[in-house]
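One letter stands for each residue in the lines below.
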Amino acid sequence: MGVSRRGFLKGLALGGTTGYLAMAGASSTVLKDVFIPPAAVGDFDIGTCKSVKCTVVSETSWFNNKRVVQDMKDAGGLLVNQYIIPWSNTGVKEGYNGNNAGGYSALIDLELLDGSKKKILLDCGWNTEWMDECFKREGVDKMLKNKEIDVLVLSHEHFDHFFGVESVLKNCPDIPIIVPKGFYKEGFDLLKGASFPVAHLKNDYPHTGPLEVRESGKVHPLFPGCATISFDSAIICRVLGEQGLVFNVKDKGLVAITGCCHMGIISFLEEIKHRVKGGDKIYGIQGGLHISPFEDWDPQYDDLIQALPSYGVEVLGCNHCTGYLTAEKMILAGLPVVQGTARFRSKKKLFLGNGDQIVFG
Amino acid sequence: MDENKALEAKKSWMDINWPGFFAGLVLGAGLFYITIRIISALMFSRTAA
Amino acid sequence: MISLKNEMWLESRIMENKIAQPLRGIIGVLFSSIIFYILWWIFMDPRGILKWYTPQYGYMYIRWILIVVIWQAYVFNFWPFSLKWRENTHPVITGAVLMFVNFAVVGAVIWGFFYHFLGIYSIPYLSVDKLVGKGMTEFFAREYSSLAILMFAAIASWLSPIVTVCFANHPWQNLKQPERGITIFCVTALLSILAFLCLMHPHYHVLFWPWQEYAAAYPWWANFAHTLSGNFNVGWVMCGTVSIWMLEVTFDRYPYILIKNKIRRGVVGFIGVLLFAILLFVTFNFIQDLAWGPAIDGAKRILAPDWRYQHSGELAIMMLIPAMILNFYFDNGPKKYSAPVNIALRMIIIIVSTMVFHWLYYKFSPSILGTQAAYSHPQQFPMAPGILFICVMLFHNWFMDLWPGKKRTGNRDVMLDDDGEEIL
Numbered sequence: 039m040g041v042s043r044r045g046f047l048k049g050l051a052l053g054g055t056t057g058y059l060a061m062a063g064a065s066s067t068v069l070k071d072v073f074i075p076p077a078a079v080g081d082f083d084i085g086t087c088k089s090v091k092c093t094v095v096s097e098t099s100w101f102n103n104k105r106v107v108q109d110m111k112d113a114g115g116l117l118v119n120q121y122i123i124p125w126s127n128t129g130v131k132e133g134y135n136g137n138n139a140g141g142y143s144a145l146i147d148l149e150l151l152d153g154s155k156k157k158i159l160l161d162c163g164w165n166t167e168w169m170d171e172c173f174k175r176e177g178v179d180k181m182l183k184n185k186e187i188d189v190l191v192l193s194h195e196h197f198d199h200f201f202g203v204e205s206v207l208k209n210c211p212d213i214p215i216i217v218p219k220g221f222y223k224e225g226f227d228l229l230k231g232a233s234f235p236v237a238h239l240k241n242d243y244p245h246t247g248p249l250e251v252r253e254s255g256k257v258h259p260l261f262p263g264c265a266t267i268s269f270d271s272a273i274i275c276r277v278l279g280e281q282g283l284v285f286n287v288k289d290k291g292l293v294a295i296t297g298c299c300h301m302g303i304i305s306f307l308e309e310i311k312h313r314v315k316g317g318d319k320i321y322g323i324q325g326g327l328h329i330s331p332f333e334d335w336d337p338q339y340d341d342l343i344q345a346l347p348s349y350g351v352e353v354l355g356c357n358h359c360t361g362y363l364t365a366e367k368m369i370l371a372g373l374p375v376v377q378g379t380a381r382f383r384s385k386k387k388l389f390l391g392n393g394d395q396i397v398f399g
Numbered sequence: 005m006d007e008n009k010a011l012e013a014k015k016s017w018m019d020i021n022w023p024g025f026f027a028g029l030v031l032g033a034g035l036f037y038i039t040i041r042i043i044s045a046l047m048f049s050r051t052a053a
Numbered sequence: 033m034i035s036l037k038n039e040m041w042l043e044s045r046i047m048e049n050k051i052a053q054p055l056r057g058i059i060g061v062l063f064s065s066i067i068f069y070i071l072w073w074i075f076m077d078p079r080g081i082l083k084w085y086t087p088q089y090g091y092m093y094i095r096w097i098l099i100v101v102i103w104q105a106y107v108f109n110f111w112p113f114s115l116k117w118r119e120n121t122h123p124v125i126t127g128a129v130l131m132f133v134n135f136a137v138v139g140a141v142i143w144g145f146f147y148h149f150l151g152i153y154s155i156p157y158l159s160v161d162k163l164v165g166k167g168m169t170e171f172f173a174r175e176y177s178s179l180a181i182l183m184f185a186a187i188a189s190w191l192s193p194i195v196t197v198c199f200a201n202h203p204w205q206n207l208k209q210p211e212r213g214i215t216i217f218c219v220t221a222l223l224s225i226l227a228f229l230c231l232m233h234p235h236y237h238v239l240f241w242p243w244q245e246y247a248a249a250y251p252w253w254a255n256f257a258h259t260l261s262g263n264f265n266v267g268w269v270m271c272g273t274v275s276i277w278m279l280e281v282t283f284d285r286y287p288y289i290l291i292k293n294k295i296r297r298g299v300v301g302f303i304g305v306l307l308f309a310i311l312l313f314v315t316f317n318f319i320q321d322l323a324w325g326p327a328i329d330g331a332k333r334i335l336a337p338d339w340r341y342q343h344s345g346e347l348a349i350m351m352l353i354p355a356m357i358l359n360f361y362f363d364n365g366p367k368k369y370s371a372p373v374n375i376a377l378r379m380i381i382i383i384v385s386t387m388v389f390h391w392l393y394y395k396f397s398p399s400i401l402g403t404q405a406a407y408s409h410p411q412q413f414p415m416a417p418g419i420l421f422i423c424v425m426l427f428h429n430w431f432m433d434l435w436p437g438k439k440r441t442g443n444r445d446v447m448l449d450d451d452g453e454e455i456l
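Going down the list, the sequences are from chains E, R and Z. When we follow our numbering, the leftmost residue of the first sequence carries the number 39, and every step to the right adds one. When we follow our numbering, the leftmost residue of the second sequence carries the number 5, and every step to the right adds one. When we follow our numbering, the leftmost residue of the third sequence carries the number 33, and every step to the right adds one.
Read the hints as simulated data drawn from the structure, not as lab findings. Any given hint might turn out to be false.
Unchecked claim - Here are the simulated distance ranges between beta carbons:
1) V68/E to I380/Z: 23 to 33 Å
2) V353/E to S65/Z: 20 to 30 Å
3) V68/E to P210/Z: 41 to 51 Å
4) K116/Z to V68/E: 53 to 63 Å
As the list claims (entries may be wrong) - Not everything, but these chain E residues come out facing chain Z in the computed CB check (under 10 Å):
5) S42
6) G45
7) L47
8) G115
9) L116
10) I273
11) H300
12) A345
13) G350
14) E366
15) I369
C-beta atoms are modelled at their ideal positions from N, C-alpha and C, and glycine is treated no differently.
Kindly generate the complete structure, drawing on both the sequences and the hints.
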């Protein structure tokens with residue numbers, strides 16, 4: 039009796055191991071579709087707008103690539119908190135008055151179906167002297183003073199998109215601000231008027247307007263035909279979370295506008311496809327696409343360039359952290375990259391530069 | 005490992021209890037199914053990065 | 033006739049337990065953890081001293097530590113250190129000395145052989161200076177060359193143990209050291225170089241612009257893997273490493289040990305290890321698809337096909353660590369049942385431990401190891417700390433005879449192989 043129980047257990051163990059491994063093999067291959075549900079089709083209606091115009095206020099986040107990478111490396115690498123990195127702000131030959139910092143900011147003019155207009159300021163750059171000059175060039179400073187800009191949408195907390203917030207708040211301290219979930223305490227403190235001397239960062243104009251934090255995993259309407267979607271991306275320099283904008287332009291399709299797109303442009307387009315009604319027709323893209331910002335490369339980026347044509351994008355505006363090498367390869371691959379004019383310190387015409395505009399609709 | 009035990013262990017592999025084996029096949033397959041359900045629930049995050 | 037001490041030191045050790053379980057196991061894990069953490073803080077941690085975890089630069093050193101420890105113990109049987117020294121020296125001293133020898137060899141290989149010989153006279157992407165000289169940013173130059181150099185070691189640490197584990201060192205089992213070591217080293221080095229040229233070199237075809245069309249093949253896996261990245265091969269090679277080591281530490285070389293002829297056993301074993309590696313690879317990919325949705329062509333981070341392949345390798349390493357802890361420190365689990373039942377119970381313990389370890393790692397690694405949060409962040413690379421911990425456990429077992437939990441009291445003069453025949 040004891041022997042046959044031992045024998046049964048032995049057979050059970052042999053069969054169990056075989057069954058476990060066989061099930062692993064079968065379910066990972068031939069039975070895969072049984073277990074993995076089909077992808078959702080987007081059904082969230084964000085409404086429709088007439089047109090979207092995007093003006094590149096500044097896309098030159100910094101002026102010397104090697105310098106900014108060296109700053110991060112000297113501070114201890116890409117994991118170090120951006121609020122304690124001593125960014126090079128003097129003696130940089132290509133910099134703005136020796137300061138390597140520039141910034142990213144875009145002004146979005148949204149025309150609704152009834153003809154009314156909304157203005158969204160996407161990000162506020164880094165170096166406040168540089169941003170003051172850019173805002174003046176595009177008239178953003180006057181728009182802020184006259185309260186013509188409806189909202190400041192901060193795509194994410196990175197230094198080149200957020201540290202210039204003083205340039206916005208000095209002109210309009212009560213502007214409504216929307217941030218993605220993930221902002222750290224230092225970010226909220228900066229809005230309240232804190233300073234971070236190590237990082238040469240300050241804000242002397244505390245924010246007095248409404249502040250909204252947008253959670254990930256859902257579509258957040260902003261205006262008719264306009265919404266934001268947040269992602270939980272963990273990014274270099276101890277930053278968490280990014281949001282992108284999506285617009286539904288009448289008779290054209292959806293348009294995705296981003297700050298840096300750290301989550302990846304394909305991920306953003308797929309999220310739009312699975313959440314937003316009409317997501318299978320992506321008409322246009324604009325913004326930083328974060329592919330080769332330091333002119334580095336990875337075969338994964340070639341995967342992206344090979345996959346992007348299948349989304350049927352008709353207008354591809356990109357700049358800033360997209361990288362010139364990426365733009366060059368995209369153009370060779372036949373993607374509809376919109377060229378720029380290389381003015382106001384933007385280096386090449388390969389993509390949209392400072393002062394350039396793109397219209398969807 | 006000890007050589008005598010190794011030889012004994014090797015012999016023990018030779019006689020298979022077939023009812024036990026087939027019961028084990030089903031049990032093993034079921035255990036794998038439970039494993040993947042637990043793991044995918046633990047790793048789940050809609051916007052995990 | 034070979035001397036077991038000279039040619040099979042590890043296998044012929046007679047080890048006595050000095051501390052009872054579970055204290056012996058707990059002390060062993062703590063000991064390795066402390067040594068691991070000291071090394072991590074000095075060399076790797078981004079908040080530490082040298083900050084080599086970038087992550088590829090530090091991972092390169094860790095990968096070479098692993099293959100060099102395999103050379104020291106498995107391939108060269110501690111040659112040229114004398115038996116007398118190993119027999120009479122305290123384990124703490126043998127551990128420290130052999131570890132420093134390991135580090136010195138790693139340094140010589142990376143700085144001498146790769147950076148200043150092969151990278152200068154043969155393949156420029158193996159030399160940081162050469163890439164910087166071409167105008168590349170130093171940080172990325174170092175990451176690119178580190179990836180290539182570590183992949184030689186990764187492939188070698190999958191192929192090298194196969195000679196011992198599957199072939200029982202046949203047909204060179206009767207050679208003395210250093211002849212046996214040199215022979216096995218040469219054969220595995222040749223196979224590793226061939227594997228590197230086919231699996232990793234094409235990655236460098238597309239890494240540089242313009243594409244290196246004449247110097248490297250286009251990634252031949254692109255169509256079925258949906259990625260141009262060599263991460264596809266990184267993933268299954270890692271699973272291969274785990275497969276061969278689990279055959280050794282968990283499966284007691286079953287079922288291949290049932291094949292009497294050693295050469296036939298080696299060939300079948302090699303194929304079996306490869307099939308098990310592929311099974312691990314597709315299963316871990318499948319689990320990721322279940323948890324996060326299918327990978328999407330061209331995406332990055334957690335949806336990227338190439339990152340998923342690499343992550344399969346990472347998940348496999350997360351399984352190997354509990355398997356090795358169970359074997360080295362906890363006597364490989366229950367022994368009172370028949371062999372198949374013992375092994376099945378071991379697998380259950382290992383799978384549950386893997387899930388616990390996975391949860392603990394992602395919860396605590398940013399604060400303890402200084403890595404980034406989230407699964408797919410480029411600076412979240414569990415293979416680096418994972419394999420360093422494995423290396424420390426190997427130092428502890430192979431260089432220190434698992435002191436203080438165990439004590440080596442001698443070596444056997446006569447040993448039978450798995451078929452009951454005396455090893456001559």
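Hint-by-hint comparison with the structure:
For V68/E paired with I380/Z, a C-beta distance near 26 Å keeps the hint of 23 to 33 Å intact. Distance hint check for V353/E and S65/Z: the Cβ-Cβ separation is about 55 Å, which falls outside the suggested range of 20 to 30 Å. At roughly 49 Å, the beta-carbon separation of V68/E and P210/Z lies within the given 41 to 51 Å, and the hint holds. Between K116/Z and V68/E the beta carbon distance is about 59 Å. The supplied range of 53 to 63 Å therefore holds.
At about 13 Å, the closest approach between the beta carbon of S42/E and any beta carbon in chain Z exceeds 10 Å, and the interface hint on this residue is violated. Checking G45/E against chain Z: minimum C-beta separation of about 9 Å stays under 10 Å; hint holds. Interface hint status for L47/E: upheld, as the beta-carbon distance to the closest one in chain Z is roughly 5 Å, under 10 Å. This hint holds: G115/E has a C-beta 5 Å from the nearest C-beta of chain Z, less than the 10 Å allowed.
Of the supplied interface hints, the one on L116/E holds, with its beta-carbon coming within about 6 Å of a beta-carbon of chain Z, less than 10 Å. Proximity of I273/E to chain Z holds as hinted, the smallest CB-CB distance being about 8 Å (cut-off 10 Å). This hint holds: H300/E has a C-beta 8 Å from the nearest C-beta of chain Z, less than the 10 Å allowed. For A345/E, the interface hint holds, the least distance from its beta-carbon to any beta-carbon of chain Z being 3 Å, beneath 10 Å.
Look at G350/E: its Cβ only gets to about 14 Å from chain Z, farther than 10 Å, so that hint breaks. Checking E366/E against chain Z by beta carbon gives a least distance of about 8 Å; that is within 10 Å, so the hint holds. Look at I369/E: its Cβ only gets to about 13 Å from chain Z, farther than 10 Å, so that hint breaks.
The structure shown violates the earlier hints numbered 2, 5, 13, 15.
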